[in-house]
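As given, the protein sequences belong to chains G and P, one line each in that order. Following this note's numbering, the numbering of the first sequence begins with 1 at its first residue and continues without gaps. Following this note's numbering, the numbering of the second sequence begins with 1 at its first residue and continues without gaps.
Because the hints were derived from the structure by calculation, they are not lab data. Any given hint could turn out to be false.
Given that identical chains are not distinguished, each listed pair holds provided it fits within a single copy or across any two copies.
[As the list claims (entries may be wrong)] Here are the computed lysine-lysine pairs in the DSS-like style, where the Cα-Cα straight-line distance is at most 25 Å: (1) K133 - K419; (2) K128 - K419; (3) K124 - K419; (4) K116 - K419; (5) K328 - K124; (6) K203 - K124; (7) K211 - K128; (8) K124 - K383; (9) K172 - K59; (10) K172 - K128; (11) K229 - K390; (12) K229 - K255; (13) K383 - K116.
Here is how the chains run, residue by residue.
Number of protein chains: 2
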Amino acid sequence: MPEPANHLHFFKFMTLATSDSLHAIRGAFLDFIGDPFHGDEFSSVRYLPDGLMILGEGKILALDSYEALQNSYSHIPTTAYPDKLIMPGFIDTHIHYPQYEIIAAYGEQLLSWLNKYIFPTEQKFSHKAYAQKIASLFFDELLRHGTTTALVFATVHPESVDAFFEEAEQRKMRMISGKVLMDRNAPEYLRDTPESAYEESKKLIQKWHKKGRLLYAITPRFAPTCSNKQLHLAGKLLQEFPDVYLHTHLSENVKEIEWVAELFPESTGYLDVYDRAGLVGERSVFAHGIHLTNAEFRRLSETRATIAFCPTSNLFLGSGLFKLSQAKSPDYPVKVGLGTDVGAGTSFSILHTAHEAYKVVQLQGESLSAFKGLFLATLGGAKALLLEDKIGNFDVGKEADLIVLDPQATPVMATRTQKFPAVSLEDLAQKLFGMMMLGDDRAIHAVYIAGELAHCRTS
Amino acid sequence: MPEPANHLHFFKFMTLATSDSLHAIRGAFLDFIGDPFHGDEFSSVRYLPDGLMILGEGKILALDSYEALQNSYSHIPTTAYPDKLIMPGFIDTHIHYPQYEIIAAYGEQLLSWLNKYIFPTEQKFSHKAYAQKIASLFFDELLRHGTTTALVFATVHPESVDAFFEEAEQRKMRMISGKVLMDRNAPEYLRDTPESAYEESKKLIQKWHKKGRLLYAITPRFAPTCSNKQLHLAGKLLQEFPDVYLHTHLSENVKEIEWVAELFPESTGYLDVYDRAGLVGERSVFAHGIHLTNAEFRRLSETRATIAFCPTSNLFLGSGLFKLSQAKSPDYPVKVGLGTDVGAGTSFSILHTAHEAYKVVQLQGESLSAFKGLFLATLGGAKALLLEDKIGNFDVGKEADLIVLDPQATPVMATRTQKFPAVSLEDLAQKLFGMMMLGDDRAIHAVYIAGELAHCRTS
Numbered sequence: 001m002p003e004p005a006n007h008l009h010f011f012k013f014m015t016l017a018t019s020d021s022l023h024a025i026r027g028a029f030l031d032f033i034g035d036p037f038h039g040d041e042f043s044s045v046r047y048l049p050d051g052l053m054i055l056g057e058g059k060i061l062a063l064d065s066y067e068a069l070q071n072s073y074s075h076i077p078t079t080a081y082p083d084k085l086i087m088p089g090f091i092d093t094h095i096h097y098p099q100y101e102i103i104a105a106y107g108e109q110l111l112s113w114l115n116k117y118i119f120p121t122e123q124k125f126s127h128k129a130y131a132q133k134i135a136s137l138f139f140d141e142l143l144r145h146g147t148t149t150a151l152v153f154a155t156v157h158p159e160s161v162d163a164f165f166e167e168a169e170q171r172k173m174r175m176i177s178g179k180v181l182m183d184r185n186a187p188e189y190l191r192d193t194p195e196s197a198y199e200e201s202k203k204l205i206q207k208w209h210k211k212g213r214l215l216y217a218i219t220p221r222f223a224p225t226c227s228n229k230q231l232h233l234a235g236k237l238l239q240e241f242p243d244v245y246l247h248t249h250l251s252e253n254v255k256e257i258e259w260v261a262e263l264f265p266e267s268t269g270y271l272d273v274y275d276r277a278g279l280v281g282e283r284s285v286f287a288h289g290i291h292l293t294n295a296e297f298r299r300l301s302e303t304r305a306t307i308a309f310c311p312t313s314n315l316f317l318g319s320g321l322f323k324l325s326q327a328k329s330p331d332y333p334v335k336v337g338l339g340t341d342v343g344a345g346t347s348f349s350i351l352h353t354a355h356e357a358y359k360v361v362q363l364q365g366e367s368l369s370a371f372k373g374l375f376l377a378t379l380g381g382a383k384a385l386l387l388e389d390k391i392g393n394f395d396v397g398k399e400a401d402l403i404v405l406d407p408q409a410t411p412v413m414a415t416r417t418q419k420f421p422a423v424s425l426e427d428l429a430q431k432l433f434g435m436m437m438l439g440d441d442r443a444i445h446a447v448y449i450a451g452e453l454a455h456c457r458t459s
Numbered sequence: 001m002p003e004p005a006n007h008l009h010f011f012k013f014m015t016l017a018t019s020d021s022l023h024a025i026r027g028a029f030l031d032f033i034g035d036p037f038h039g040d041e042f043s044s045v046r047y048l049p050d051g052l053m054i055l056g057e058g059k060i061l062a063l064d065s066y067e068a069l070q071n072s073y074s075h076i077p078t079t080a081y082p083d084k085l086i087m088p089g090f091i092d093t094h095i096h097y098p099q100y101e102i103i104a105a106y107g108e109q110l111l112s113w114l115n116k117y118i119f120p121t122e123q124k125f126s127h128k129a130y131a132q133k134i135a136s137l138f139f140d141e142l143l144r145h146g147t148t149t150a151l152v153f154a155t156v157h158p159e160s161v162d163a164f165f166e167e168a169e170q171r172k173m174r175m176i177s178g179k180v181l182m183d184r185n186a187p188e189y190l191r192d193t194p195e196s197a198y199e200e201s202k203k204l205i206q207k208w209h210k211k212g213r214l215l216y217a218i219t220p221r222f223a224p225t226c227s228n229k230q231l232h233l234a235g236k237l238l239q240e241f242p243d244v245y246l247h248t249h250l251s252e253n254v255k256e257i258e259w260v261a262e263l264f265p266e267s268t269g270y271l272d273v274y275d276r277a278g279l280v281g282e283r284s285v286f287a288h289g290i291h292l293t294n295a296e297f298r299r300l301s302e303t304r305a306t307i308a309f310c311p312t313s314n315l316f317l318g319s320g321l322f323k324l325s326q327a328k329s330p331d332y333p334v335k336v337g338l339g340t341d342v343g344a345g346t347s348f349s350i351l352h353t354a355h356e357a358y359k360v361v362q363l364q365g366e367s368l369s370a371f372k373g374l375f376l377a378t379l380g381g382a383k384a385l386l387l388e389d390k391i392g393n394f395d396v397g398k399e400a401d402l403i404v405l406d407p408q409a410t411p412v413m414a415t416r417t418q419k420f421p422a423v424s425l426e427d428l429a430q431k432l433f434g435m436m437m438l439g440d441d442r443a444i445h446a447v448y449i450a451g452e453l454a455h456c457r458t459s
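In isolation and in its complexed conformation, chain G is listed as follows:
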């Protein structure tokens, strides 16, 4: 069993939180204190079969076994979740909120799918009221599926970004988004210009970046819809605001890659198009990366950039199989998070996304353990987004975004994951794998955002 959480920091926080505002949660706690892809898997896991967590001011103030903490906190109101499993909230490193309503649209691969379904849908987001309506539904779904932080595409319209951040702010959620940049190869009604994209993004950064828990991402759609000038102005903006993110797509589909080679003949490859514009760095998140060359993997590694691995989307659009083992190789490792990529992704569930990641990896003759899958869903995602000082596990002082998983959420799960909490890490690994392969939104019993209950499953 790994060492229990250090709760010495608690006393420091007591000055911030009066005893009245404290709240405790008792149950089985699981989080990650290391990377299970490197070294002994079990040593990356922190598991407390009967733990107690003290929350206050939206933060984690202490976590240890119930036995160790019960005397010190016996006066604090406590919510107990017997037979459940408490984990850090899931982190979705790539999703499009305006595509909520067009999820699972039939019969196309990437480029024709964009033209036939996505562009006409995104047009509606020039109306802020419409964007607000969908943003609200979208956040409801994130919570129902246990996602507490996401890196999110809006549309080309600044209104879509305002609607998104207003909803996120109201819900006190740690969210990252940005206006889409696209000045060519898209319908007139969705195009901006290099200059308007620069100016509008700058205003939105000044308005939203670091406002409460909100963060901004400069968001070129992908190379084919951005002129070289637009990409370079995005790079200029990134230099002016070095702590915002860069969020775009990369090497998803073979035809897309051929098109990029035609559009940017001076570049040595798809990643190089972004690199020349100054868009590849440790705050850059590239969705997909299915068909990356070895040289591109190496370049992503040396720049500490991130790939968002989106298996349900990659299978749905027939894009291909992401080489997770290559990204996780010790030679030149690349940071990886999981992304649902709704609306090309077929589920809002990061649990189900880990399920399909397993299948993508199995088709390549390897496996993905539950610990590895759920690391990617939590601490791995936080590291990918450089947010591991704030979220991703239960270290004392971190923001209290947590989810309560129900191992018996369906009849099949109840049979497969009997006798919970697990008594050993071997036992937990098997049961957790069952949850990862069989779980969906029903496995999310409750969600806490910044220490407060934000969702509880009703049916």
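Got chain G; can you put chain P on it based on the hints?
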């Protein structure tokens, strides 16, 4: 709109069913009257946005638009399902009931997965009481997921077959199963002999085949666990009982195929092993067939044998991608049904199995429409099992196994498939595809077995 159901046959059935025992269902009805893989897809579809079905004596006595039938049947008790979609029950052409509890077991491909997880689990089925307990849970799950007919592996123990058929008989379900044959390359505790396998199977055929709605399948596990002698005695049995089925596995995994080549050096290929034993015919159902050669596709076509396509299993075990378009080619077509293959399959849902079939097909650069997917799930499965005279669509006189689908079963589905019933086949095709990609057991609102309500969703 295709022609409505012919209800002229109704009068013939009135002699069987007194008016007292009649029951009517009103709603939107969808079934197939042809194969959407051949010719115009829409002409294979029968869709009644507001239909009325008359049930009696477990059969379909009439189906037409509500308008056409309402006057004749105004005195009959009617259940209405507004905003739902009524379809024939789903048909699962390959599943293992004893693997219910070991669904989603971690980290192996076929051969090691069998040894590590499956064989120890199947040992428990020598105890009939245990087999009865799991059989009951298994049928509950089938119904919750809308499956009304299945071709099912039991274990090597005759007790497992008795337990299965007793449960099926009680539920009045049309089910096919049989004792597994395996006399080598398996633990001692799971082995029979060629002679005991022959004798026990014969007794079980005499006991269960055609008893009520039950049918028997001679069930060699797969070539590696059966001696040539056992396969040939199975062939002899099949000759003696030409209307029972043959159910086994074929060409699932590359290592398995290499092993078969070693074990049967005289054979020209995997299918040939079965062929030489007289096991390949129109009542033969082979699960998987991932790595079939062109010659094997051709041989399956000319013998009118069936492949059970099990996409969730094929991805879970990393077996590979079934070539559906080759099986459906007009040159030498092979009958195909969908199989969940639980416990290697990851879901009991045939709806979700069609979802993953779409992804398998997309990875090969093609698509699978909702009409094609749901044809495989219903009439296609019935044809694969030579049961299209009894089940699979709503032709008058067929057995009344039907499911009531809820297009608004989850919040995402409610957004994606708004405004139901659909008003045209184009509209229906898109909404149905959303249901296929987003639906699970929650999309099954109710299930009727032989005209009687057998399941209704409660949460």
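- Identical-chain pair category, K133 with K419, by Cα at 25 Å: Classified as between; 18 Å across copies, 42 Å inside a copy.
- Query: Taking 25 Å as the upper bound on the Cα-Cα distance, should K124 and K419 be classified as within, between, both, or neither?
  - Reply: between (49 Å within a copy, 19 Å between copies)
- Item | Status of K255 relative to K229 across identical chains (alpha carbons, at most 25 Å) | Within one copy only: 23 Å inside, 53 Å across.
- Message: At most 25 Å between CA atoms: does that hold for K203 and K124 within a copy, between copies, both, or neither?
- Response: For K203 and K124, only the intra-copy Cα distance (22 Å) is at most 25 Å; the inter-copy one is 67 Å.
- Message: As a check of your reading, is K172 near K59 (CA-CA no more than 25 Å) within one copy, between copies, both or neither?
- Response: Close inside one copy (13 Å), not across copies (57 Å); limit 25 Å.
- Intra- versus inter-subunit Cα pairing at 25 Å for K328 with K124: Answer is neither: 39 Å inside a copy and 40 Å across each miss the 25 Å cutoff.
- Query: Given identical chains, is K116 near K419, meaning Cα to Cα at most 25 Å, within a copy, between copies, both, or neither?
  - Reply: Between copies only: 21 Å across chains, 49 Å inside a chain, cut-off 25 Å.
- Up to 25 Å between alpha-carbons, please classify K211 paired with K128: within, between, both or neither. Only inside one copy: K211 and K128 sit 20 Å apart there, 64 Å across copies, limit 25 Å.
- At 25 Å max between alpha carbons, let me know whether K383 reaches K116 within a copy, between copies, both or neither. For K383 and K116, neither the intra-copy (35 Å) nor the inter-copy (35 Å) Cα distance is at most 25 Å.
- Task: Can you give me the call for K229 and K390, within, between, both or neither, at a CA distance of at most 25 Å?
- Result: neither (35 Å within a copy, 66 Å between copies)
- Message: Within, between, both or neither: how does the pair K172, K128 come out at a Cα-Cα threshold of 25 Å?
- Response: within (21 Å within a copy, 55 Å between copies)
- Query: When no copy is specified for K124 and K383, does a C-alpha distance of 25 Å or less occur within a copy, between copies, both, or neither?
  - Reply: Neither. Shortest intra-copy (34 Å) and inter-copy (45 Å) distances fail the 25 Å Cα cut-off.
In this structure, the hints that do not hold are numbers 5, 8, 11 and 13, in rising order.
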